[in-house]
Each structure stands twice: as structure tokens, then as C-alpha cells.
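Student: Read off the chains here:
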Amino acid sequence: MSWCPAGGLSQIPARGARVLKTGNGNVAVFRTFDDKLFALADRCPHRQGPLSQGIVHGTKVTCPLHDWVIDLSTGSAVAPDSGCTSTYPVKVEDGLVYVDLPNG
Amino acid sequence: MKSKLVLVGNGMAGMRAVEELLKLEPEMYDITVFGAELYGNYNRILLSPLLAAENTLDDIMLNPTSWYDDNGITLHAGKTVTTIDRAKRSVTADDGTNVPYDRLILATGSHPFMIPVPGIELDGVVSYRDVDDVNKMLASAKDHTNAVVIGGGLLGLEAAYGLQKQGMNVTVVHLLDSLMERQLDKAAAALLKASLEKRGLRFEMEAETKAILGASRVESVQFGDGWEIPADLVVMAVGIRPNIDLAKSAGVYCERGIVVNDSLQTYDPRIYAVGECVQHRGDCYGLVAPLFEQAKILANHVAEYGYSRYEGSMVSTKLKVTGIDVFSAGDIVGDGKTEEVLFQDPAKAIYKKLLIKDQKITGAVLYGDTADGARIFQMIRDGIDVSETRDDLLFTHHSVGDSGTAGVSSTTSMTANTEICGCNGVCKGTIVETIVSKQLFTLDDVRQHTKASSSCGSCTGLVEQLLADTLGGDYSVSAAKKSACPCTEFTHDEIRRAIREQELKSIPDVMAFLDWTTSDGCHKCRPALNFYLLCAWPGEYRDDAQSRFINERAHANIQKDGTYSVVPRIWGGVTSPAELKAIAEVAQKYDVPTVKFTGGQRLDLLGVKKEDLPGVWGDLNSAGLVSGHAYGKALRTVKTCVGSEWCRFGTQDSTGLGIKLERMAWGSWHPHKVKLAVSGCPRNCAEATIKDFGVVCVDSGYELHVGGNGGIKIRATDFLCKLETEEEVLEYCGAFLQLYREEAHYLERTAPWIERVGLATIKTVIVDDAERRAQLHARFLRSQSFSQHDPWAEHATGEKAMTFMPIDALRQERAGECAEGSTQ
Ligand code: SRM
Ligand SMILES: Cc1cc2nc3c(=O)[nH]c(=O)nc-3n(C[C@H](O)[C@H](O)[C@H](O)COP(=O)(O)OP(=O)(O)OC[C@H]3O[C@@H](n4cnc5c(N)ncnc54)[C@H](O)[C@@H]3O)c2cc1C
Ligand code: SF4
Ligand code: FES
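One line per chain: the protein sequences are A and B, in this order.
Positions 1 to 104 (the working numbering) are the ones given, in order, by the first sequence.
Positions 1 to 824 (the working numbering) are the ones given, in order, by the second sequence.
One chain only, chain A, in its complex shape (with noise of 0.2 Å):
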């Protein structure tokens, strides 16, 4: 794992996200309304919409293809629905963001 930079923190709005190209794909970047943050693979489990581009309410996302509702802390798509996308460690140093992101 490695600590990648992930651009200023202002550059994120609340109740929003940025997306961070990676070699496995991209990465969701997640500032909620109490500037809580996390870093989820950008793809819904359902059938892979980008959750970035979702609307950010508490620390869930609504995926903007189909309204799945995804736990920002967990990864899982609120019940009754199911199914998981992968969630990764995010910092923030002197108002800089890092996401641990696996190597390769």
C-alpha cells in the first residue's frame, strides 16, 4: 500500500467528490457534510455507475444510474439491495488528501 496524493482538500465541495485516475481504475474521493472523508473504488456494484457522480447525503452516496444507496464508511449498498465496492484509507496533512491505494 502506498499514500498517494489526492489534491487539496478545498479542490473536493461538500457533499461531493473528485475522482482519482489510478492504474486499477478510478477512485472516488467522498467529503461529506461534516467533512468527513472517504476513498471508494468508483464503480457501484450494481452495474458499475460511477459513484462519484451521485448525490452525497450523511456518509451514504445515491449512485447517480440507478439509486442504489452506497455506505461511504462500509462500501455496501444499503439494504434490501447487496453487493460491496472496495473502500481505502484516506488522509488528510496540511490540507492535503492521500489515499492508500494498493501498488500496481
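In case anyone wonders, no lab produced these hints; they're calculated from the structure.
Treat the hints with caution; some may be incorrect.
To be verified - Output of the computed footprint for chain A on chain B, the stretches with three or more beta carbons under 8 Å from beta carbons of chain A:
# : segment
1 : 278-285
2 : 521-532
3 : 537-548
Virtual Cβ for every residue (Gly too), placed ideally from N, Cα, C.
Got chain A sorted already, so can you dock chain B with the ligands onto it with the hints?
Tutor: The following block gives chain B with the ligands in isolation, referenced to the frame of chain A:
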């Protein structure tokens, strides 16, 4: 220490209240539940399928005993509470178990009523209320042949049908001359009786039971005139009485039922009551839909939120006998002022009757084709004015113009693998199975679990029918008062009123003032609030992009692969070589995979990458092209035909008028998308009569038509009025659009809005009241002065364009910027 909550009666209403409470305040109480029956809480409604062997007991459990353990609830099953000590605040059961309470909920249900004739104590005489009764009936069916069911109401007929499926000879005995007389009029009841007779049931009508005869087990039933019929099993299903024994013995005020106020509180403020045992504003209910409404409100008060009120319910019923469609709702008798609208087709055994009073539907009886039951019931509850629509109210609506359901209208005749939901490929069998196995009650439940009806919604009527077929009663129609979303108790109208009257100017202000139950709303309420605020405070409210659906945030339509489509505005459908060239160049430059003419007279560039959007827009802008808002709850297209400029039939300049309308209305945000059209003559090549606002030019002027759409459920427009000049058309159009913006619910298109409020209301404001029309028009123009900025131009460059760019981790890595810990 936690407060103590005790529930007496672990049936459907009581346990629903506990579940609602756990949703609101899971930690607030130590909960103890007493139930006289030996089981956890089961779905009483499904006793009939259990009797007909279409279900097992496991299938119909709602809360098995493990559920109580998992939720930390103490269950005393098989114990009947015999006393309440209101001074000491404790209850005691028949085995001596004593439990103190801070709050007590009584949910003791009903007693089946037994007619007091000699012989009711004999073996083989049963009531029809619980699992024990069903077990007794099933045991009798094994080694006996003749069953008599006393009572030709809902319960009696269901019992008769079940016993017949178990192989018994069944006779139904009814005191009156007409079955289900509380729900059906004589004509419908006669059809029902004939159909049940065809299935082999026998009937003794107007027969008064005098005695049940037998030595130790029942042998026959004797009637008033001395006549007897043989019986090895007698099922008494003549009605229910609220079970108020316990409450009464404790001195809690009762009349027919335990009397409660709008908070479901009894005269003892520590004691609440819910379910069939309750009497509220003089009414007792015997169907679960109203009891579930009560349970929700009770939970709200026991959780100390204290803001919702139960105001009574309207009920509808549906008979759960496979293959027979009967629906009844509201008042089916009427009075001197009630009019009846009838439709009858004896050959097909279809009968429909509506009772109308003061131009509102007050009751309905449907037999043979109940597909419109849910829709009509909703009209009764909403008090819809039917003066304009009464001619065709009784013609099945749900399939007329519905796309995606192959035109089917009755679920009973379908096989299990008939597709119900065309969007998500869900079949009847799957839906029925899920309703039973997951114990679903509402349309929302079915949507969540099966996805049926969750996309375009055209199959909603069919899914509601399946719910009713499977469960009986009325589950499909949600509470009388529909909150805007699960985050709030308030309706769309209440929210809009609060925004205006309290001058609420931001989403957090609205949520705080109206006690939102979530800290941050959800994907349903936030976009609605954003629009309501934008509409109420033009020029003042700052739009919240994060509360908009991605299409409106990115000003382009998201596609299935995460790319976007771009549709520039083509004013009135008229373009030029220069515009076409610019579009062609953009398509080439950005490698746009598909260029397509849309159904709305414009060009769609499909498959544009998000990071290319600002560039695409910049280039289109420099050719004078702006956003077509093809992605927005906004003004979309204004379709026109060639009109008097070229066409040999044209009466007016329809193209020119269309362009003027589009210039006036572009950029406006609405509750849903809005489409306009202008046709040059009644041949109507621009399809103006299926648009939200359509103009049909005639020799002497302009006809205005409103409230149409193509799409999922086709609706032709209603004629609004005829005008003489283009200026008038522009004014009426602006006023109409503003009225829609100010009054409709978010995501309600003009068609359902007009059906809800009635065309008459709209005519009064737009046509009859020149002053209000002028004011609305002025408000529209004022709002437009703030919203006619091309969103593409705003996002094509600078900081806003940056938000469309991803951060490239690979590039950073290659540049050696990845923080230490990298092993590369
Ligand atoms: C592009 C287009 C199809 C085409 O290739 O022709 C289209 C494409 C979509 N339509 Fe449409 N509709 C298009 C004309 C229509 C028409 C025809 C018309 O306008 O004359 C209709 C029927 C007329 C009507 O609206 O009354 C139409 C009825 C719908 C509906 C059903 C609306 C309803 O009230 O029942 C939806 C679903 C919705 O809006 O919720 C929808 C939704 C959609 C969406 C936005 C689905 C979505 O959410 O992604 C599609 C977006 C594709 C995209 O990215 O561009 N589209 N859609 C047409 C764009 C017209 C334009 O220039 O803006
Ligand atoms: C066969 C049948 C079919 C039905 N079909 C439909 C239908 O299609 N649609 C519809 O909407 N409704 C239907 N109903 C009605 C529906 O089941 C009831 O309205 C609903 O169950 C009432 O809920 P409740 O909680 O008030 O009472 P119940 O569900 O009866 O629960 C009350 C519980 O309290 C227990 N109890 C009573 N006194 C005490 C005490 N002192 N101590 C401990 N426990 C006690 C009882 O044993 C019982 O288990 C049907 C009912 C039956 C019997
Ligand atoms: S463009 Fe319209 S009709 Fe075609 S698939 Fe999409 S939503 Fe359905
Ligand atoms: S792809 Fe996310 S909900 Fe379908």
C-alpha cells in the same frame, strides 16, 4: 436507567408499533411483550392462504421468537395479561408474571363474535381468528366432509374457499339476501355469488341459524323454519368485537372500543392503545392499513417526538379468493345527493359503480375488473374534483397509453412468468414470492425488494393489484397524508408553505424548522428543497449544486458507461449551416462516438468524456450555441412545424411563435421537465396536443392546450382557451409555467398535476382572472431575469471547469510525487 415499556398483545398492530419505535429510538426503552398466543407475531391476513394450504406457518411469521431476542425484547408468549394496576403501574399475567411499566400499550385486537344459539359449545364449532382455529379446521377437513360457514362477509367467504380447497363440501349461510353487504351493492354481490357457485360453493341466503345440533360433536345446523343441513364442522364468521376486556377491568375509559385521542393515548396518559381494540373519533377499524398508520403515529409519541396526529383513515377492501376480482372503497350506499355512475358488461361479468357527491368520488364498487381500484381509491382520499373527467372515469385507465406492460390489465389471469416490470425484467411469480417470503406490505417495500415499479413506474397499477391479490385489503396506497420523503413527516405542500410563510432561505433552515429526521436529507428531498427555494426566492437563493442530480450538476446527461451526452439548444427546431458545421467540428475534434437526431428536433452528441465537457461547450459557445437543458427538470424543447412560412395549410407563423416562446422560457427550472410545441394548423405536425403546453394555430388565432405528455403514460392535453394574438399566447404561457412552478410537487409533471388539482382550478387563475395572470407572468419574467445564463458558458473555463477534471494519480506517481511508503 431506561424507561420501561410494556405491550399487551403481540399481534399485527402492537408489533408494528414496536418496530416503528425501534426505527425512531432503538435505545429508549426496556421492552416487554405479552401475547396470549404461543407464537411470535404472525401475519393474520395470510391465515386464509394457510387454510387453503397455499402457505405454511413459517411463511407467515412476521416476528419469529428469535427476532425478539435479537432486538433485546422480552417476550412472554402464551401468557394472557389479566390485570393492570394503574396506581402501581404494573401488569400481571395469568401465570402470575408481574412487570412494571412507565408506558403501556394495549393492542389486544378483537374477539370473534359468536351468535348466542344453543350448541355453540359443541366440538367442531370454531371461530376464524387465529392459528389455533385454522389448525382445528384443517384437522376436521382430514376426516370429515360437510362444512357450514355462518357469515357471508369477507372472512366467511375466505374460510369457505379455503375449506373447499381442502376437499370439503361447503355451504355458506347468510342472514341477509346479499353477500358482503357492507362492501358490495346487490348487483356486484349477485355476480360474486354466481361465480362462487360455479366453483362449487353452496349458499343458504336469508337463513337465520336457530341451533347447532349434535351429541358431543356437531351434526347439523338448524334454521328458523326448522329445516336442517348436515355439518361436521361449523365456522362462525359473523363479525368481530373490539377486545376491551382488560382495559375495561382496569377502568380505562371504553365505549365500543378503547377510546383514544389523535396521539393514540387513552384517558390514562401513560396508557396507549392501537389496533382493532381502539375506538378513534367514533370509528373502529378491522383492516391492517389503518392500524399500521396508527402504529406509526403511536411510535412517534412514545418516542417523545410528539408532532404527528392520527386523523382517521378511509379503507378499501379486496377479497382474497384466487381468481375473483372484487374491490370496494368508501361509502357504497350514499344519500339523496349522491349520483351513481355505472358500467356493466354482463357477458364478461364486469360491473363497476362509482358514487359521486359534489363532483367528488365518495365510494366505489368494482367487480371483474379491479385494475383501477388503487387509482380510484387515491382519488377518493385526495378528494379530486371529477367534473371534467367523469365521462370516462370507469374505463380502465391504467393500461390506456401505458407503455412497457404489453397492454395487460388483469393480474389474476397471468401466469407466474408473465413480465410485469418491463424496465427491470421482473415477473409476476417473483413479485408474489417476494411479497410472501419477505413479508411485504406496501408498494415501496415491493419496489425496494424486487425493483418492480421502481424505474419508470408504468407497472405500478399491476404491482398494486398483485399486492392486493396476495394480501387482500389495501396495502398499496400509502398513508392518507404523504410525506415528501422518509426524512420528514411533512407533505410537499406543507414544506412549500413553510418556506414562503416562515421565509426559510436555505436547505439547512428548512430542515431545522421542520424537524427533519436526518441530519443531511437524502437524494429525494434535497433536490426538491433546492427547487422549492429557487422558485420561492429568485435572485436571492444560491443554488446548491450538491443537491442536484448529476445531470443538472454536470449540465449533460450521464450515460450507462459514465460518459455524457451533449444537446445544444436548437431554437424552435430551426438551425443553420454555420451551427451544423460547428457541431460537426466538435464531434470530430472530441472523437464523439455517436451523433444522433433526438425525438425533440435537435442533435445529440453521445459518449463525451466528462473531462472533455468544458472544451466541447467552449467550442459550441463560440458558434453561438447554448445548453439545450436536455438534462434538466427545466424547459426542454419547443417543437414547431414549418407553418404559414412554407406549408400550404399553415395558418400562422408557428415556427416564429415557437422560437419566441423558447426565447422567453429557456433556462427556467421546473418541478419536472417541460416541453412546448406549436403547430401551424389542426393537422398538428408538431404534436402540440401531447405537450405540457401546446399551441395549435387556426385561421382566427391560437388554441392553447395544456397538461399533455407522451412518455410512460400518454395523456392528451386539455383545451385551455383560444386567443387572438401572439402577445397573448406569450403571456398565458408564462403565467401557466409560473403557476406550475409555484404549485406542483417536485417530480410531478404537468399532466399528473392538472389531474390532481383539476383543470377548472387552472382555468380560474389563468383564463378568468386577468390580474392574477398578469402577476404570474410578471413573476415568471422576473425569475427568468436571474436564470437565463448559459450554464455551459459558466462552466467552460476557469475554476468551475476544473471540477470536471479527475486527479491523475498515475501521472503524479510517474513524477515521483507519491508519498513515502511507495515500494515502486
Ligand atoms: C435523447 C432522447 C431520445 C432520442 O434519441 O431521441 C431522449 C433521451 C432520454 N430521455 Fe426522453 N429523450 C428524448 C425525447 C423524448 C420524447 C419525445 C419528445 O420530446 O417529443 C419523449 C416523449 C414526450 C414527453 O416527454 O412527453 C420522452 C420521454 C421520456 C420520459 C418519460 C416522460 C414521462 O413523463 O412519461 C423519460 C423519463 C423521465 O423524464 O423521467 C425520459 C428520459 C430520458 C433520458 C433523460 C433518460 C435518462 O434519465 O438518462 C434519456 C437521456 C439520454 C441522453 O443522454 O440524451 N424521456 N423523451 C430525446 C431527447 C429530446 C431532446 O432533444 O431533448
Ligand atoms: C382470517 C383473517 C383474514 C383477514 N384478512 C384481512 C385482509 O385481507 N386485509 C386486512 O387488512 N385485514 C385482514 N384481516 C384483519 C387483520 O388481520 C386484523 O385487522 C389485524 O390482525 C388486527 O391487528 P391487532 O394487532 O389489532 O389484533 P391481532 O392481530 O388480533 O392481535 C392481538 C393479539 O393480542 C393478543 N391478546 C389479546 N388480549 C390479550 C391479553 N390480555 N394478554 C396477552 N395477549 C392478548 C391476542 O391473542 C392476539 O394475538 C383478517 C383477519 C383474519 C382473522
Ligand atoms: S432514450 Fe428514452 S426510450 Fe430510449 S432507452 Fe433511454 S429512456 Fe428509454
Ligand atoms: S449502477 Fe449503481 S445503481 Fe445501477
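Student: Three residues minimum, CB to CB under 8 Å: does the segment 537-548 of chain B make the cut for coverage by chain A? Let me know.
Tutor: The restraint on the segment 537-548 of chain B holds, since 4 of its residues have a Cβ under 8 Å from chain A and three suffice.
Student: With a cut-off of 8 Å between beta carbons, are at least three residues of the segment 521-532 of chain B near chain A?
Tutor: holds (count 5)
Student: Has the segment 278-285 of chain B got at least three residues whose CB is nearer than 8 Å to a CB belonging to chain A?
Tutor: violated (count 0)
This entry does not satisfy hint 1, going by the numbered hints stated previously; all others are met.
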